[in-house]
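Protein chains: 4
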Amino acid sequence: MKNDWTPVVEDKLSFGLWTVGWRGVDVFGGAVRDELDPVEAVERLAGLGAAAISFHDDDLVPNDATRDRVLERFSTALSENNITVDMATTNLFSSPVFKDGGFTSNDREVRRYALVKAARNIDLGVRMGAKTYVLWGGREGAESGAAKDINAALDRMREALDTLCAYVREQGYDVRFAIEPKPNEPRGDILLPTIGHALAFIHELDDPARVGLNPEVGHEEMSGLNYAHGIAQAMWQGKLFHIDLNGQNGPRFDQDLRFGAGNARGAFWTVDVLEGLGGRAPRYDGFVHFDYKPPRTEDADDVWETARANMRNYLILRDKVRAFRADPEVQQALAESRVLDLWESTLAPAETLADLRAATYDLDGLAKRGMHFERLDQLALEYLYGVR
Amino acid sequence: MKNDWTPVVEDKLSFGLWTVGWRGVDVFGGAVRDELDPVEAVERLAGLGAAAISFHDDDLVPNDATRDRVLERFSTALSENNITVDMATTNLFSSPVFKDGGFTSNDREVRRYALVKAARNIDLGVRMGAKTYVLWGGREGAESGAAKDINAALDRMREALDTLCAYVREQGYDVRFAIEPKPNEPRGDILLPTIGHALAFIHELDDPARVGLNPEVGHEEMSGLNYAHGIAQAMWQGKLFHIDLNGQNGPRFDQDLRFGAGNARGAFWTVDVLEGLGGRAPRYDGFVHFDYKPPRTEDADDVWETARANMRNYLILRDKVRAFRADPEVQQALAESRVLDLWESTLAPAETLADLRAATYDLDGLAKRGMHFERLDQLALEYLYGVR
Amino acid sequence: MKNDWTPVVEDKLSFGLWTVGWRGVDVFGGAVRDELDPVEAVERLAGLGAAAISFHDDDLVPNDATRDRVLERFSTALSENNITVDMATTNLFSSPVFKDGGFTSNDREVRRYALVKAARNIDLGVRMGAKTYVLWGGREGAESGAAKDINAALDRMREALDTLCAYVREQGYDVRFAIEPKPNEPRGDILLPTIGHALAFIHELDDPARVGLNPEVGHEEMSGLNYAHGIAQAMWQGKLFHIDLNGQNGPRFDQDLRFGAGNARGAFWTVDVLEGLGGRAPRYDGFVHFDYKPPRTEDADDVWETARANMRNYLILRDKVRAFRADPEVQQALAESRVLDLWESTLAPAETLADLRAATYDLDGLAKRGMHFERLDQLALEYLYGVR
Amino acid sequence: MKNDWTPVVEDKLSFGLWTVGWRGVDVFGGAVRDELDPVEAVERLAGLGAAAISFHDDDLVPNDATRDRVLERFSTALSENNITVDMATTNLFSSPVFKDGGFTSNDREVRRYALVKAARNIDLGVRMGAKTYVLWGGREGAESGAAKDINAALDRMREALDTLCAYVREQGYDVRFAIEPKPNEPRGDILLPTIGHALAFIHELDDPARVGLNPEVGHEEMSGLNYAHGIAQAMWQGKLFHIDLNGQNGPRFDQDLRFGAGNARGAFWTVDVLEGLGGRAPRYDGFVHFDYKPPRTEDADDVWETARANMRNYLILRDKVRAFRADPEVQQALAESRVLDLWESTLAPAETLADLRAATYDLDGLAKRGMHFERLDQLALEYLYGVR
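Protein chains in written order, with the numbering used here: chain A, 68 to 455; chain B, 68 to 455; chain C, 68 to 455; chain D, 68 to 455.
It is possible that some hints are incorrect.
When chains are identical, the list treats them as one kind, so a pair holds in a single copy or across two.
Said to hold, decoys possible - When the alpha-carbon atoms are kept at most 20 Å apart in a straight line, the in silico SDA-like pairs for lysine to any residue are as follows: (1) Lys435 <-> Glu102; (2) Lys435 <-> Arg90; (3) Lys435 <-> Ala98; (4) Lys79 <-> Thr427; (5) Lys79 <-> Arg111; (6) Lys198 <-> Ala417; (7) Lys435 <-> Asp366; (8) Lys198 <-> Ser161; (9) Lys435 <-> Asp369; (10) Lys435 <-> Ser162; (11) Lys79 <-> Leu344; (12) Lys435 <-> Asp93; (13) Lys435 <-> Asp104; (14) Lys435 <-> Pro163; (15) Lys435 <-> Glu176; (16) Lys79 <-> Val454; (17) Lys198 <-> Arg392.
Simulated from the structure, these hints should not be mistaken for laboratory data.
Start from the sequences and build out the full structure, keeping to the hints where you can.
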């Protein structure tokens, strides 16, 4: 591999403004870093090779009094640094108003305000060029069984999505929505907890084509689910609209580690699925967006090292999966494990179930055939290790 | 509560033949109990008040040589004991043939045989009166990333469902399919790992109306997901075709404890959702099916005690949730927590998003309003405790 | 059961000042409740029947400028309300100084300051009457492998404990230390992650008799461990010095639910072990201390309802386990499950291993004996349900 | 790196006979592979470069009738192939006799038989040259709260260990015991569930110096615990007597993947701790023992590929951690993160706590110092990736 893994704009790498801007407040302690000027974020990320940035309304324009001036400086910084806004999203979780959620708060007045806040920032996102609008419902959920009627909550979530979809159609905005599932934290249980639940929900909307997913590595791994499998299903259903990469060590609090830290083997297969190298599967061609938190141990300079490392790790892994897939020995091993045979339909074109039932099966022979998956997986692991 | 919680047929309680028949083989040890005669299972379950039984092909008719005689004895036992077959299913996981799955095995010949085995047992299920045919794909999955192309696997799973749906339509069978999701075990990761993933998958089928879900308590809780929330979403999408109740203690191996053991609070809310008492939500009116394993510590007599306890716990909890929902103090608490307000649409019939945006919001006032969920949950807990 | 479950001082129930005083700041949002005056906390808890209160230095005296006045008011409130201070502890986690821990920070100057801060608050705790001093090392840990040398960290933790033990001996303080284990959050992995690890560590200290444990329900359940089993081992080793009760739903973020919420069956067995009813096991006679967080959805009044509920649930469960253990049918079931036989030594007093080896064993007979555990457990569950 | 990672005897790599011999029986299916002749296991492992083998009594000599002949063939194979027996252990979990455990079964007769079975195989282990005798109490535990009195169980476990320790002393055997902790599976909760609990237990024994640990990667990771941290504590306490390496993907069923599969980053740090490279920590110099299961998808030939891969991965990672620790840039980063400063005692030799309290602390300055852990961790990750 000849590469120093410094990204270029064509790599389409992106960061949330709130990631490098995280000040370190958690349940057990206060801020450890100063506020980050969004303009500095743009300049630094551009300097590191990122192509895009995303924001919540409250990250970028927390204060109406300075809104115009902030937006002007930010827009100038974007254009001067050749940084795109790939995505925008609404903060419906930090204010005490949203303590029981936004679109599905039991408090109807809060639900109404949540729609207003979302619509206002959709306007801003579109103005800034965002083509994807993410909806993370971090406070949509409950700690206890009677507190939330899930049927009603799903109705209200659908109403919110239908209302916002209608709005962007009416406005002629070229924007799609992407739901970000999460199983828990900060609520005990969150509505639409996994990729699957969100995919299923979308089918009930008025305008399902406009709504897809923004799955986050750590959120699925908090449920012990295989992230690469999850996004593969989302891609199979045409719904991987955007992506949040980071790192997690299994079921525990939301760690938001940099991509590559956490589940390293999972990261390899995640990139493999995104690159569409696994067969005849589709390729993800959207922005590769990092949603992580520089740990609280790090100072303001360290933050940029973590940003750099996210991108570098993606590019290293991309080289690795490309080399893995191109290796003739791997291709031979895939064939011997019959991996590609799975693309062949079980029934031949003219065949019927009756034909199958009329046939005989050599069950002893089938039972004895090994799948040789371990050899194949060891080849992959050796690409991860960089020893092939 | 005046009740001795002995079930009657109208309670529609059911057991898998393989539950009371489990002999105790696990990864670390061999059988601890003798084989159970299916006729004894029918007689004993009937004696305890169950209404129905379900089976895999391999449970009931493991041996073609004795198939006719077994079926005759079994049918006689069913009618003599007034036991219905509510569900049947195919064992596509025990034989070494299915080591890499059935419908999505990389080995095409295995896939073909799996369809044959399923179709044959669908015939038998229908003949025995089953209206639901469950598909649990326990071996459909992988231990490693390259071994299974998830896009192809989903294609093949769709092909299998489409083929079987076409078959039952052609035969004029009055049967619906119910997919049973599971995240892992015995495979490292299983295809369609949660309620959500299976719900989403169904929308891609030729005949989605014929396919729903058979979610199992423990399978969702192995992912740390809230089972009551999961089945509520399945009901919201009209897809709770059948149900598997048991007990689990969070993310670990599949415990298959009796219902009520494991997550007791979760069991309370599960029954609440099934009974449709939580608002204007639908009610589940199918069979209440127990899919558990009498622990290996128990002898043949103890098995029947565990069967009895599953049913008894369901009926106890049903009384509890009914009393909880009927309590005026609970209704007052629900109102004060605005739980029912969530059924009200966020926008009034004639209202527009523009109207909402034109209004003003008392954010300080909204921030200060408490939700009073803990008082409500304490009321529920005291019903669980039986101290109200 | 005739009881309204209102606690009295003899029940020895206690709360952390920081529990009812939690303002709701988490990773995703800011404060939802006003600051709570410690004097109000004392008055309210006394009014609800609590016997004691505990505090961190930063909860009670965050500001040196007002320290004397705060302490005077607090002391007066304690004596006027007949509230004891059962425990005190140092906050070594909130300040950015402690971002890498206190006693095991890589930064030696921080370690030195942590000892100073602890010693100062030990003085205050003793002055306020605390007999137990808790050490929760929430920031002692790491997110990554090279960042923390665990051998060195254990050396430094031992040095800190040895230093503080020497200090209290020199001062003649009647105080014991209690380590509170936690597996993760806020650090990726925390030193001394479980009851077991902390118990093992204590044996390496200069003054092991002075150091025990303060295990928290949720912290063990975050690792999927059985809390009742954990405190039973701590009691077996004479090390259950103090206890933190709350609620958790398995491996996920630290929920700090009120006691009884979360794992209800686990709570039943926790009280059973504390009450020492399970055989010839010791009884816990210390303060029953609640360490929970009123959810962010609750307002200032709701907070007191949650405090009340913690205590009420403990007393309800205490009645239940006493009734369970007193029930002759339970005692019969325990005997049939040979539970008490486990107190009998495996070898008789004069017996040798050679005697055992010379004997013969009826393996078929032993294999066939059922343990009847499910019947026993169902009896317990019916006490939890309040239907016996 | 110039190495083909083929092991030599000096690498001290070892396998359980039951690992390569696993036939694939699990809860959901039967055997997929034929029985493996122990002699073939010895020959094949020797051919791959392993140095040693271990066994349960039931693996090697399941049948008394053929015991002498089996042992003769096995001994011959060992000497002809230069394979050592590093460890032996007793199967106290497969027979239905042990359904409630061995040493802590409620059934006293079972406990007595368990001691006999253990003693008999200790004799054999010693005869075969084993210096370590492992005790995995897989069935010592419970599914429900009343079934097992943990105090009594710990008494009986202590009695068993004290009895066996006395026996080996009396016999003059040069053998030490190593407890293997596991949190659950096959029991709902297992006694001595983690490294910590077992370490703590050992201190209560008559002969604690003779008893240490045999921790398994997957068993700790099933509880979400950091395995490298766990063995570091065991080494700090002088108790890492033996080790079981394999792979796991977090809290779920016991996967027993080959070492390197599963948590790849965890594997890197595991080898780092074993090699004692992290500072002044001790080095593990025992056998590196693999306790894994070739997946059920693999045929008899594939099994040997998985055996080879375990060893190869260990050697690859050993080279990586050595190179990481030798890299001057890493050493510089460790210094800048003050990692080695943690070896310095917090108090200087002559210093007192009073001296510390008399000093002043620049809290603002300490708060601002970054720890730079992410840069350090990125260096480690790039060694894992093989890109440095």
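Hint-by-hint comparison with the structure:
Taking the shortest alpha-carbon separations for Lys435 and Glu102, only the inter-copy value of 14 Å comes in at or below 20 Å, while the best intra-copy value is 63 Å. In the homo-oligomer, the alpha carbons of Lys435 and Arg90 lie at most 20 Å apart only across protomers (12 Å), although the nearest pairing inside one protomer, at 58 Å, exceeds that limit. Taking the shortest Cα distances, Lys435 and Ala98 sit within 20 Å of each other only across copies (11 Å), while inside one copy they are farther apart (60 Å). In this assembly of identical chains, the alpha carbons of Lys79 and Thr427 never lie at most 20 Å apart, being 53 Å within a copy and 40 Å across copies at closest.
Taking the closest pair of Cα atoms, Lys79 and Arg111 come within 20 Å of each other only inside a single copy of the chain (16 Å); across copies the shortest separation is 50 Å, beyond that limit. Neither within a single protomer nor between protomers do Lys198 and Ala417 lie at most 20 Å apart by alpha-carbon distance, with minima of 44 Å and 30 Å respectively. Only between protomers do Lys435 and Asp366 lie at most 20 Å apart by alpha-carbon distance; the minimum there is 7 Å, versus 58 Å within a single protomer. In this assembly of identical chains, the alpha carbons of Lys198 and Ser161 never lie at most 20 Å apart, being 24 Å within a copy and 40 Å across copies at closest.
Taking the closest pair of Cα atoms, Lys435 and Asp369 come within 20 Å of each other only across two copies (12 Å); inside a single copy the shortest separation is 55 Å, beyond that limit. When the C-alpha separation of Lys435 and Ser162 is checked against a cutoff of 20 Å, the pair qualifies only between copies, where the shortest distance is 11 Å, while the shortest distance within a copy is 61 Å. With identical chains, the CA atoms of Lys79 and Leu344 are at most 20 Å apart within one copy only, with a shortest distance of 18 Å there and 39 Å across copies. In this assembly of identical chains, the alpha carbons of Lys435 and Asp93 lie at most 20 Å apart only when taken from different copies (17 Å versus 54 Å within one copy).
Proximity of Lys435 and Asp104 under a CA criterion of 20 Å is satisfied inter-copy only: 18 Å between copies versus 64 Å inside one chain copy. In this assembly of identical chains, the alpha carbons of Lys435 and Pro163 lie at most 20 Å apart only when taken from different copies (8 Å versus 61 Å within one copy). In the homo-oligomer, the alpha carbons of Lys435 and Glu176 lie at most 20 Å apart only across protomers (13 Å), although the nearest pairing inside one protomer, at 64 Å, exceeds that limit. Taking CA atoms no more than 20 Å apart as the test, Lys79 paired with Val454 passes in neither setting, with 28 Å inside one copy and 22 Å between copies.
Neither within a single protomer nor between protomers do Lys198 and Arg392 lie at most 20 Å apart by alpha-carbon distance, with minima of 32 Å and 46 Å respectively.
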